[in-house]
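K.L.:
Residues per chain, in single letters:
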Amino acid sequence: MAYSDKVIDHYENPRNVGSFAKDDPTVATGLVGAPACGDVMKLQLKISDTGIIEDAKFKTYGCGSAIASSSLITEWVKGKSLEEAAAIKNTDISAELALPPVKIHCSILAEDAIKAAIDDYKSKKA
Amino acid sequence: MKLPIYLDYSATTPVDPRVAEKMMQYLTLDGNFGNPASRSHRFGWQAEEAVDIARNDIADLVNADPREIVFTSGATEANNLAIKGIAEFYGKKGKHIITSKTEHKAVLDPCRQLERDGFEVTYLEPDTDGIISVEQVKAALRDDTILVSIMHVNNEIGVIQDIAAIGELCRANKIYFHVDAVQSVGKLPIDLQELKVDLMSFSAHKIYGPKGIGALYVRRKPRIRLEAQMHGGGHERGMRSGTLPTHQIVGMGEAFRIAKLEMAEESDRILALRERLWNGVKDMEEVYINGSMEHRIAGNLNVSFNYVEGESLVMALKDLAVSSGSACTSASLEPSYVLRALGRDDELAHSSIRFSMGRFTTAEEIDYAIEIINKNIGRLREMSPLWDMFKEGIDLSKVEWAHH
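Those protein sequence lines, which keep their order, are chains A and B.
For the first sequence, the positions run 1 to 126 when full-length UniProt numbering is used.
For the second sequence, the positions run 1 to 404 when full-length UniProt numbering is used.
There could be a bad hint or two in this list.
[What the hints assert, rightly or not] Computed cross-link-like contacts, SDA-like style, restricted to lysine to any residue with a CA-CA straight-line distance of at most 25 Å:
id, chain 1, residue 1, chain 2, residue 2
1, B, K22, B, P4
2, A, K124, B, M389
3, A, K124, B, V399
4, B, K391, A, K125
5, B, K211, B, M230
6, A, K125, B, A402
[Said to hold, decoys possible] Covered by chain B, per the in silico footprint, the following chain A stretches (three or more residues, Cβ under 8 Å):
id, segment
7, 12-19
8, 35-41
9, 58-66
Keep in mind the hints are simulated off the structure, nothing from the lab.
Every residue, glycine too, gets a C-beta built ideally from N, C-alpha and C.
Just need the whole structure built from these sequences, with the hints factored in.
P.N.:
Have a look at this one:
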């Protein structure tokens, strides 16, 4: 599989690997994917009172492009409002990483992870 | 030490320099380039003599008669010739064939083709160690069974089947027995005077010979007959037409001759390397051997590293040339059918790696491999949410995953 340099870079030097405490009220967690499908992503966002994403961390079980996609979105969401983060599209991710067609589902999963984390935050607030 | 380290000897081997040296003498004008089928001049006679010597060396390694060796383009063709050849010749006697789920595709696919042609095939399921028992074969026998095809050593997990016992059973029931011996010849002793095997497939490139040449052993006593799959000039006693590639055959003969001389010693050395590798990785958590450790060829180690995804594992081990049990090159993940037949779940099948060692593997290379494996498995697990959940004591099979 020929990966772009960007995928290789994120795979070899992933940004923001780690976890926040799940029960922290300012932390939103999105867990998407399934082991049997070959990829599981956990994305956590630390959100300020004003609704700005102050920090993000991820853990991913998956192929090189799944790891790269999740690493990339942790960089992208930082400093964004929830609305801005929710507007990130899988096509932005796949274009940035030049994902091969068979790996597009990794970028879709990353978009899903952002949405799942935001949903988690909203349900915590409600 | 040259990187990447080659640990994929079950896929193919480099040609032994002694073999390459010999092959070069059978190509050019100065060499012995004749057509072995040319009967009217010395170019042909000399080529025929070289083929005869190679045929003797090949027969010698497995204690067969040289007249029982039929050259083919490789083991895929040998398997096709054996299975379709028997089915077509003896199809009037019966339409049932027995094989196993863990055979090589070169056996499974001809069987599938025969099913389309009206044959019935029973695919035996191995136990969790990968072994097919003689009782299983016995239970599957029918009045119309004409052929049993069971491999000697499995290409993915290296387990050794009891072909002696299965052979006795087949002979007692007058059923032909074919063995794919690609992964065993030159590594395990094979004595065709003792074994009740009727047909056996060989390849040259798995034991330091060239690619593009193999052979099918076809027993003479009792005589086995085949329907040829390649028609033409009637070479190889009509069983396989086509001009014999002298240089390839000479290479295969030399590889088999060397294997006979060095097999015992080499096997001990490779086994020690395998033990060294296993000892270097087995103390990590959640590491599983795939297939029987007791009935296993020296050069194979097939290991699953749980909670690490297969493709990222292969990327992490980029300095090691190994095979992955996960064919994650397409959108649909297809874990190894061999590991699935052993009852391994998809996750463990996806995270499996086959290490296969051979003639030129060194202890230094194994030590380096151990270092890379330990470092990277740790790194990928630190990144894996599944590893965290496992560490928290969560049963992953009970989690409701959003399948996509």
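K.L.:
Checked against the structure, which of the hints given earlier come out wrong?
P.N.:
1, 4
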